[in-house]
Amino acid sequence: MLAVVLMIAASTAGAASPGNDRQAALLYLLRQDCGSCHGSTLRGGLAPPLLPQSLAATPDDALIAAILDGRPGTPMPPWRFEINPDEAAWMVRQLKGGLAE
Amino acid sequence: MTTAIKPARLLAALLFLVAVSGAVGAEDLRGTGDLGIVIERTAGSVQVIETSGRTGLGRIEGLGDLSHASAAFSRDGRYAFVFGRDGGLSKLDLLTRRLVKRIVQAGNSIGGAISQDGSLIAVSNYEPGGVRIFDARTLAPVADIPAVYGANGARSKVVGLVDAPGNRFVFTLYDAGEIWIADMSQPDKPVITKFANVGLQPYDALITPDGRTYIAGLFGEDGLAMLDLWRPEAGVRRLLDHYGRGEEKLPVYKMPHLEGWARAGDRIFLPAVGHHELLVIDAETFAEIGRIPVHGQPVFAVARPDGRQVWVNFAHPLNDTVQVIDSQSLEIVHEFQPGSGVMHLEFTPRGENVWISVRDEDRVDIYDTASFARIGSIAADKPSGIFLTARANRIGL
Chain A
0 MLAVVLMIAA
10 STAGAASPGN
20 DRQAALLYLL
30 RQDCGSCHGS
40 TLRGGLAPPL
50 LPQSLAATPD
60 DALIAAILDG
70 RPGTPMPPWR
80 FEINPDEAAW
90 MVRQLKGGLA
100 E
Chain B
0 MTTAIKPARL
10 LAALLFLVAV
20 SGAVGAEDLR
30 GTGDLGIVIE
40 RTAGSVQVIE
50 TSGRTGLGRI
60 EGLGDLSHAS
70 AAFSRDGRYA
80 FVFGRDGGLS
90 KLDLLTRRLV
100 KRIVQAGNSI
110 GGAISQDGSL
120 IAVSNYEPGG
130 VRIFDARTLA
140 PVADIPAVYG
150 ANGARSKVVG
160 LVDAPGNRFV
170 FTLYDAGEIW
180 IADMSQPDKP
190 VITKFANVGL
200 QPYDALITPD
210 GRTYIAGLFG
220 EDGLAMLDLW
230 RPEAGVRRLL
240 DHYGRGEEKL
250 PVYKMPHLEG
260 WARAGDRIFL
270 PAVGHHELLV
280 IDAETFAEIG
290 RIPVHGQPVF
300 AVARPDGRQV
310 WVNFAHPLND
320 TVQVIDSQSL
330 EIVHEFQPGS
340 GVMHLEFTPR
350 GENVWISVRD
360 EDRVDIYDTA
370 SFARIGSIAA
380 DKPSGIFLTA
390 RANRIGL
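The listed protein sequences correspond, in order, to chains A and B. Each residue of the first sequence is one higher than the one before, starting from 0 at the first, in numbering that gives the first Met the number 0. Each residue of the second sequence is one higher than the one before, starting from 0 at the first, in numbering that gives the first Met the number 0.
Hints are computed from structural coordinates only; laboratory data are not their basis. Certain hints may be false.
Computed footprint of chain A on chain B, listed as stretches where at least three residues anywhere in the stretch have a Cβ under 8 Å from a Cβ of chain A [stated by the list, open to error]:
(1) 58-71
(2) 145-156
Derived SDA-like pairs (lysine to any residue); straight-line CA-CA distance at most 20 Å [what the hints assert, rightly or not]:
(3) B:K248 / A:K95
(4) B:K253 / A:G43
(5) B:K253 / A:P47
(6) B:K248 / A:F80
(7) B:K248 / A:D68
(8) B:K248 / A:Q31
(9) B:K248 / A:P71
(10) B:K248 / A:G72
(11) B:K253 / A:L28
(12) B:K253 / A:P74
(13) B:K188 / B:K253
(14) B:K188 / B:N166
(15) B:K193 / A:A46
(16) A:K95 / A:R30
(17) B:K253 / A:A65
(18) B:K253 / B:L317
(19) B:K253 / A:P77
(20) B:K253 / A:L29
(21) B:K253 / A:L67
(22) B:K253 / A:K95
(23) B:K248 / A:P48
(24) B:K253 / A:R79
(25) B:K248 / A:T73
(26) B:K253 / A:I82
(27) B:K253 / A:G97
(28) B:K253 / A:G72
(29) B:K253 / A:P48
(30) B:K253 / A:A24
(31) B:K253 / A:P58
(32) B:K248 / A:G69
(33) B:K248 / B:K188
(34) B:K248 / A:A65
(35) B:K100 / A:G43
(36) B:K253 / A:L26
Every value quoted in this text rests on a predicted model; they were computed, and no experiment measured them. Think of the CB as a built atom: it goes at the ideal place given N, C-alpha and C, for glycine as much as any other residue.
Build the full structure now, drawing on both the sequences and the hints.
In structure tokens form, the structure reads like this:
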């Protein structure tokens with residue numbers, strides 16, 4: 000019972016959304032700075048596209064890990080210094096759900 | 000009687016009107032040598048600017064996705080060819096400030112160049128990987144060069160496309176690690192020369208202003224790949240191999256850019272990758288002269304046209320700062336913060352001013368390069384690249 004409560008608490012914490020200002024800042028970062036390599040419309044550039052159909056097959060955890068810790072062997076750098084795990088999870092939900100143009 | 004006079008009066012009035020409109024036309028005439036464009040990356044527009052009065056002249060809209068857009072100019076400086084990220088190729092008339100023609104020639108593009116004779120426009124594409132070449136007058140397709148490599152026919156993203164003497168284009172295959180020369184002497188029959196195994200993940204390249212030396216930067220390893228176009232038979236040579244030896248590689252939050260402004264006097268200044276340094280090499284021998292520790296990951300290292308200074312901007316999150324390096328002492332002689340999101344720097348043709356785009360502040364600022372004072376500013380919507388028509392007369396720009 001305690002374990003179940005803890006699990007619910009953990010999953011709720013994992014699903015926490017950043018505040019409105021922070022959401023706007025993260026979306027700006029996504030378009031402008033992630034956009035340097037992924038394209039500001041997220042259709043890809045030197046780095047792969049971040050469109051819902053291109054991300055659908057990859058588990059959330061793997062995408063969150065890529066944001067936080069980068070992808071060795073590729074130019075993708077770690078963003079943990081300015082994006083926390085909850086924010087990365089929120090970004091992955093936004094990307095998988097598709098961002099309005 | 001009155002019917003006889005009327006046509007005479009009408010004629011006089013018409014002559015007067017022709018004379019007046021002719022005079023207005025003469026006052027409207029202008030050259031193109033002090034014109035340029037500023038890319039407004041998010042809005043998909045371009046602002047036409049002039050560097051004599053330091054003002055914006057107007058906006059040309061509807062150019063698609065201009066994140067990472069760049070431009071080349073017709074040799075008369077009248078037309079700008081803008082290469083958009085979405086594969087768009089737009090021909091702009093800077094005098095009438097109109098879009099002359101726009102085509103979408105690929106799915107995802109990175110840059111382009113104009114041929115030595117001004118007749119051809121080449122675009123480097125990520126998707127489908129390759130180079131496509133168009134008639135500069137009509138934008139009609141002339142040649143298609145798929146960047147196919149390896150045994151299974153894969154196509155590589157193409158970067159570092161420049162023009163070279165002999166109506167050639169030189170470019171680099173990011174995924175394949177190859178440098179190709181396309182000789183366009185016969186435009187419908189490109190002759191391709193390929194150089195394989197130049198290094199891992201070449202991310203961009205430049206050609207020196209004399210059109211002789213092509214240098215590709217490598218992301219996947221510490222070093223540069225150099226091709227002497229006067230002696231292509233000598234093959235590609237590695238420069239500054241393992242320049243970061245023993246140092247931990249830092250994350251790179253924006254890929255550096257290599258531009259044809261890298262040469263300052265007898266030295267070439269290039270951003271290191273994953274090291275907060277500028278690399279300085281001898282322009283004759285290509286031996287390392289030194290490394291200059293700088294504020295962050297350099298993005299652009301741009302020599303003032305006289306070669307005395309090199310101005311440097313930096314990757315996120317240190318992109319609010321510009322440093323100025325003396326090309327002789329290799330010391331940082333000035334550092335300042337134009338604002339958040341410094342994207343690009345472009346000198347006026349003789350170098351007395353520099354225009355700096357400050358993306359997050361929606362401004363392009365103009366600085367005096369002797370006093371470092373800010374002497375002007377124009378409003379621009381998320382400005383990125385700044386391209387002046389002086390590029391029309393430079394090899395590799």
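Hint by hint, here is what the structure shows:
1. 58-71: holds (count 3)
2. 145-156: violated (count 1)
3. B:K248 / A:K95: Violated, at roughly 31 Å.
4. B:K253 / A:G43: holds, 14 Å
5. B:K253 / A:P47: holds, 15 Å
6. B:K248 / A:F80: Since the Cα atoms of B:K248 and A:F80 sit roughly 16 Å apart, the hinted pair holds (cutoff 20 Å).
7. B:K248 / A:D68: Given that 20 Å is the threshold and the Cα spacing comes to 14 Å, the pair holds.
8. B:K248 / A:Q31: violated, 24 Å
9. B:K248 / A:P71: Since the Cα atoms of B:K248 and A:P71 sit roughly 11 Å apart, the hinted pair holds (cutoff 20 Å).
10. B:K248 / A:G72: holds, 12 Å
11. B:K253 / A:L28: holds, 12 Å
12. B:K253 / A:P74: holds, 9 Å
13. B:K188 / B:K253: The hint is violated at about 37 Å.
14. B:K188 / B:N166: holds, 13 Å
15. B:K193 / A:A46: violated, 25 Å
16. A:K95 / A:R30: holds, 15 Å
17. B:K253 / A:A65: Given pair B:K253, A:A65 holds - Cα atoms ~16 Å apart, limit 20 Å.
18. B:K253 / B:L317: holds, 11 Å
19. B:K253 / A:P77: Measuring from Cα to Cα gives roughly 12 Å; hence the hint holds.
20. B:K253 / A:L29: holds, 13 Å
21. B:K253 / A:L67: holds, 16 Å
22. B:K253 / A:K95: violated, 24 Å
23. B:K248 / A:P48: violated, 25 Å
24. B:K253 / A:R79: holds, 16 Å
25. B:K248 / A:T73: holds, 13 Å
26. B:K253 / A:I82: Satisfied, since the Cα-Cα distance of roughly 17 Å is no more than 20 Å.
27. B:K253 / A:G97: Status violated; Cα separation ~24 Å.
28. B:K253 / A:G72: holds, 16 Å
29. B:K253 / A:P48: holds, 16 Å
30. B:K253 / A:A24: holds, 18 Å
31. B:K253 / A:P58: violated, 26 Å
32. B:K248 / A:G69: holds, 13 Å
33. B:K248 / B:K188: Between B:K248 and B:K188 the Cα gap is close to 43 Å, so the pair fails against 20 Å, i.e. violated.
34. B:K248 / A:A65: holds, 18 Å
35. B:K100 / A:G43: violated, 25 Å
36. B:K253 / A:L26: holds, 17 Å
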